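Construct the complete structure from the given sequences, taking the supplied hints into account.
Residue numbers (the numbering used here), protein chains in the order written: chain C, 1462 to 1838; chain G, 363 to 601.
Hints were generated in silico from the structure; no laboratory data involved.
Keep in mind the model is a prediction, meaning the values are calculated, not measured.
We put the beta carbon where it would ideally sit given N, CA and C, even for glycine.
Be aware that a few hints might be false.
What the hints assert, rightly or not - With beta-carbon atoms standing in for the labels, derived distance ranges: (1) G:H393 / C:V1811: 49 to 59 Å; (2) G:E530 / C:L1823: 30 to 40 Å; (3) C:L1785 / G:Q462: 44 to 54 Å; (4) C:V1811 / G:S514: 46 to 56 Å; (5) C:L1715 / G:D381: 56 to 66 Å; (6) C:R1762 / G:H393: 36 to 46 Å; (7) C:L1785 / G:N501: 16 to 26 Å; (8) C:L1785 / G:S514: 45 to 55 Å; (9) C:E1832 / G:P467: 48 to 58 Å; (10) G:N501 / C:S1737: 36 to 46 Å.
Unchecked claim - Think about it this way: if two alpha-carbon atoms lie no more than 30 Å apart in a straight line, the pair counts; the simulated DSS-like pairs of lysine-lysine are: (11) C:K1745 / G:K499; (12) C:K1745 / G:K508; (13) C:K1476 / G:K499.
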Amino acid sequence: MNWIAIRMLTGDAQKFYGLLFGIAFSTLLITQQLTIFVNLLERGSSGVYNVSSADVWVMDPVSRTTEVAYPMPSTALDKVRGVAGVAWAVPHIRASASVRTGSGELEGVSVVGVDDATLIGLPKGMVEGAPQVLSEPDSVIIDDVGATRMFPDESPIGQRLELNDQRAVIRGIADAIPSFTSQVTLYTKYSRALNYVPGTRNRLSFVLVGKAQDVSPEELVERIESQTGLRARTRDEFARDGVDFIIENTGIPLNFGITVALGFIVGVAIVGLTFSLFIRDNIKQFGALKAIGVTNGTIRRMVAVQAGMVGFIGYGLGVVGTVLFILGFSGNPTFKGFYIPWQVPLVSLVAIVVIIALTGWLALRSVMKTEPAAVFR
Amino acid sequence: MSAAPGQQAAISVRDVSRDFTAGQQTIRVLHSIDLDVAPGELTYLVGESGSGKTTLISIMCGILWPTEGSVEVFGTPIYGLSDDDLVRFRLENIGFIFQQYNLIPAINAASNAAVPLIARGMDRQEARERAVAMMEKLNIANQADKLPNQLSGGQQQRVAIARALVHEPRLVVCDEPTAALDATSGRRVMDLLRDVALAEDRACIIVTHDNRIFDLADRILVLEDGRITHDGQSMPEDH
Ligand SMILES: Nc1ncnc2c1ncn2[C@@H]1O[C@H](COP(=O)(O)OP(=O)(O)OP(=O)(O)O)[C@@H](O)[C@H]1O
Ligand SMILES: [Mg+2]
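Structure follows, in structure tokens:
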């Protein structure tokens, strides 16, 4: 009888494709929006993950994220170095500045000053040039996405910039995860960054710490906090802080939430309507089957097979659509590093199962209500 | 003519009444019907529109519960069965011919005719072969691969008859089987039913308005306002 159920469904091509479209559209909308949402949120932690060698971040007690940091006196560095279990500690500066390009345009950038000696604080990979270019005079390294933004048509290498009225020359391109705002980031040595960022007395944003082998990051965080009075976070905690900051301080979750809810509602509406139309068109046939001698259990299974098939194929199409979307835009710097976390298709699967269960249940009710005696009317 | 002593009635209806509720009102549509149908007979149920023919035949074949009374089909008190057992009883014992055929548009004629066998769990291929064999008897085996909407009304009717008979049910019920057919086709359908659906241990009940086929009946029951007012081999004079 399942075979008959499937033929009934596919036999009505218009409604069948309508149902597939509804489910696929819902899946696409939910999966794609959630994917973008998650990836955007994760950019809240890009500042942390770009510096993957730091086990612990130390900061002023009021600092919250890599972007929202209050500077500390430079003595903090020595205090941190004095804590047992700290294998190394280097200064790190993050500040915003304005830049005037060769063509005279003004752009807000963030300046990251990395340790002069070790260059800890730079992203791991380079797209062009080596980290050592920072030893050359006035040298800065630009992040790759920022480079395509600032210099869409020409190579950024060798470009001269006016950074807060100081001369800077781009000598390398870093392979970095873009920040949430995709702001251009310029990396330079700590000592030079102090010149670029106009002078308040304290300018040390963070102390980056590598832990000794015999201590866990959590334990080290506790030691640093109790001995220095500064705030310390493990890499993962601080990454999480960046994400939480976006969740708490932007309308992003609400906006995406609304779109996802719309995808769900549109799915329920299209699929629910089409499926109940389909069932209504076939109600006589279902009635005849009941009279002839098909049990309610079998009828239930038939409707479940129909709904399940629509859900399964539609969901597959929707996920494939999302994958194609992400692949299609993978060359676009805005979508750099975007991936589909496995939880996202799972969430949309749950949404589709709910849609299918809801419509199947509604449709089934009308089939169950049909008395077999109705076939003689 | 009711069942001879010692011979089991195909259907025996005892004191059956049926009420319908429409809004506040309850209307009695059948009044204490007592009736035996013998096997081997082509039995007609005739009467004016609204007299209760469809209601009675539905009760006799196990798809509508009587308000009062009991029904036995080949000795089984069908309304004493559980819901699922009653469904299975119908599947094993009863063939239906609906006025509107109710064929499934998406599957071909042979598959439609094979539905009762498929519902019993028979392998699809085997069921279809059996269905085609039945369609041969009805002279439409050559239409086996067509979809219902590619067939004429008369051909669809014969597919529906094949579906009613394919599992060799002991009781066949038809509501207005000839209403949509011309006189010749109507008579041919009745001949077919007599040939295929009737045997010593089988019964066939037909609800009809169609006076063109009254002469083909073995027994005619007339229903008026929910009561049987005539029971004989032919129609009463005043009709
Ligand atoms: N489900 C129902 N609900 C309410 N009333 C019903 C229902 N089914 C039948 N009736 C009523 O019962 C009466 C008998 O109906 P039935 O269908 O048995 O008549 P019929 O003899 O088959 O008529 P027709 O020749 O027009 O088919 C009618 O008055 C009808 O309105
Ligand atoms: Mg009727």
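* **Unmet hints by their number, sorted upward, for this structure** => 7, 9 and 13
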